[in-house]
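These are the residues of each chain, in order.
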Amino acid sequence: MMETSMNVREYSNISMIKGPLVVVQGVEDSAYNELVEVEMPNGERRRGIVVDTQRGVSIVQVFEGTRGISPTGTRIRYLGRGLEVKISEEMLGRIFNPLGDPLDNGPPIIKGEKRDINGEPINPATRDYPEEFIQTGISAIDGLNSLLRGQKLPIFSGSGLPANVLAAQIAKQATVRGEESNFAVVFGAIGVRYDEALFFKKFFEETGAINRVGLIMSLANEPPVMKTLTPKTALTLAEYLAFEQDMHVLAILIDMTNYCEALREISASKEEVPGRGGYPGYMYTDLAQTYERAGKVVGKKGSITQMPILTMPNDDITHPIPDLTGYITEGQITLDRNLYNKGIYPPINVLMSLSRLAKDGIGEGKTRDDHKEVSNQLFAAYAKAVDTRGLAAIIGEDSLSDTDKKYLMFGDAFERRFVSQGVNENRDIETTLDIGWEVLSILPEKELTNIKTDFIKKYHPAYRGKR
Amino acid sequence: MVSMDELLGQVLDREFNYIREEMSKALEESLRLIEQRYDEVLRTYSSKIQDLVTKAKEEVEGEKAKLDIENKRAVLGEKNYWISKVYDQVLRQISKVKESASYQQGIAAVLKREVKEGAIVYCAPDEADKISKILRGLKVKAEIREDQRMIGGVRIEYKDVGLVRDYSLDLVLGQVFESLKPKIAEILFGEI
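These protein sequences, in sequence, are chains P and Z.
Residues in the first sequence are numbered from 1 upward in steps of one, following full-length UniProt numbering.
Residues in the second sequence are numbered from 1 upward in steps of one, following full-length UniProt numbering.
Any given hint could turn out to be false.
What the hints assert, rightly or not - Heads up, simulated BS3-like pairs for lysine-lysine below, C-alpha to C-alpha not over 27 Å straight-line:
hint	chain 1	residue 1	chain 2	residue 2
1	Z	K72	P	K201
2	P	K202	Z	K66
3	P	K111	Z	K85
4	P	K406	P	K342
5	Z	K116	Z	K130
6	P	K114	Z	K130
7	Z	K159	P	K18
8	Z	K72	P	K114
9	Z	K96	Z	K183
10	P	K202	Z	K57
11	P	K114	Z	K85
Derived from the structure by calculation, the hints contain no laboratory data.
It should be emphasised that the depicted structure is a prediction, and the values quoted were computed from it without experimental measurement.
The following block holds chain P by itself, in its conformation from the complex:
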């Protein structure tokens, strides 16, 4: 037994402590990303990881921060393995930190095995194309920007907009129709405030969703390293549940802006050359490594669908974070401040939103036969309504034609009846499409040029009673 050495080595020559980094001298054999234990003179133990290794020098990043650590009397123990977290289905219904420690005053999990949280990229040859519809219960998403199983669809929010509430509502309501019992949500809360953490916990408990949600959380006042580990641990759990337990997993990561800010902080402390906006030059690759841990695999029943949520600083969509995210993900759901100011929840701007894969997962046999055409018509009509509003602002509403006035009415009805819904309102796709027809019925039938006559006769409210 003693021969199978764990290769645990302990050093005490700390030459420098800078921010979250500890520089250890005399280390010849540390491995990059090797897990480290820091034991302070008072017996307190913290964990860290090797972030830089050279002959004779090793730089360790301490997860819990370096406050109170002194160069004398502190021992650094190299554990001979990477950062591994014990993962199992026992994590559903529980709250953990990124290192796998329970945060809900409960006991540690028993079942499961330790896994490297960096994961393995999915072999591109075994990736399966997303085609199954996920019903989020939110009309603006299900109707016009449908989410499919295995897709990555981020939500671009702004400061003060209700992205948290929307994320919690989606986590509670999302389901794959016909496979409700096999659906799980992994919620990665990155650098959230304490009141936000409390909100998520309370929301899931009170709505009964807690049973199917595994929450991995790091708070805003925790060291940046913990924030960067949060999505990795969350996605490791998602991968286990999806590809080994055959579950359909929705991974919601909130807020990726906090993740990128933590990355910037760590990069600055390592004195790396900054890229655009002061963010590290490798941020694109780093984000891609996170976002690409989603999809369907040939031969596996389960899947991971990702909904990362980010806050655009200053509502600027050209900011590096949303900009780079947009390159990697398959569309976006954009929240709009003007809609929010009008009291509309969720304030989803459907004209700025897009799901690139939606067309492959909707229609006959998947949602309803009229879904595609209603979706196209609603989008086109709303775009015209917004243009008409601009026109009305210039020439006055009285100068508009009757049809244009109808478009104005449609625009209001679309926002207040179709897009707007309650926090606890879970609409199935049929209800969403029926509401779509209801608002489209404001327009003259001749304006519904994107919809086949057969569908108009089948679903239009004017004809429904006559069937």
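Got chain P; can you put chain Z on it based on the hints?
For chain Z alone, coordinates are given in the frame of chain P:
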């Protein structure tokens, strides 16, 4: 020629029909308004009742889920308690492991491979003599220090480079036990 009576009768009939028509329209209109109002009230209150039912259902589901999770946590806590009892029992029986030939050979192999002149070897108090004997056999001058916290194995400190290599039984036991926890739980509690 029409008499006055007949004329009066005709006028009265006409007026009567007119009033009856108007009354009928008014009745129809009233009934329509009543039905409209009824539908409106029915819709509003049905929706309110539906909301209340949904809310109540959600509250029940919420309580059910919370209790379910509490239950799972309590069961897991209990399981962890009994597993830690197993660990305590293992520690009590550790002397049997330390007496085994493979353990002795393991210690000897580690010391042969790792110990150098001037190193400090930390060990459990009850093993100091054994370690000393092994070091004498290897003809290596190393200091032996007893560590009360150790249950077995050795830790070797190289003062010149500030390095300590940990081959303690505490470390090995901790890591092995952690990885065997699911199996122990299966034996104690059946399929989990």
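Hints, verified against the model:
1. The hinted pair formed by K72 (chain Z) and K201 (chain P) meets the criterion: a straight-line CA distance of about 17 Å does not exceed 27 Å.
2. Distance check on the hinted pair: K202 (chain P) and K66 (chain Z) sit about 10 Å apart at the alpha-carbon level, within 27 Å; holds.
3. Restraint check for K111 (chain P) and K85 (chain Z): the C-alpha separation of about 17 Å stays at or below 27 Å, so the hint holds.
4. As the CA atoms of K406 (chain P) and K342 (chain P) are separated by approximately 20 Å, the hinted pair is consistent with the 27 Å bound.
5. Among the hinted pairs, K116 (chain Z) with K130 (chain Z) is consistent with the structure: their alpha-carbon atoms are about 18 Å apart, no more than 27 Å.
6. Proximity of K114 (chain P) to K130 (chain Z) is assessed by CA-CA distance (about 36 Å); at most 27 Å being required, the pair is judged violated.
7. As the CA atoms of K159 (chain Z) and K18 (chain P) are separated by approximately 26 Å, the hinted pair is consistent with the 27 Å bound.
8. A distance of roughly 21 Å separates the Cα atoms of K72 (chain Z) and K114 (chain P); the hinted pair therefore holds under the 27 Å criterion.
9. With a C-alpha separation of about 22 Å, the suggested pair K96 (chain Z) and K183 (chain Z) falls inside the 27 Å cut-off, and the hint holds.
10. Taking the CA atoms of K202 (chain P) and K57 (chain Z), the gap is near 17 Å; set against the 27 Å cutoff, the hint holds.
11. Distance check on the hinted pair: K114 (chain P) and K85 (chain Z) sit about 23 Å apart at the alpha-carbon level, within 27 Å; holds.
When each numbered hint is compared with the structure, a violation occurs for hint 6 only.
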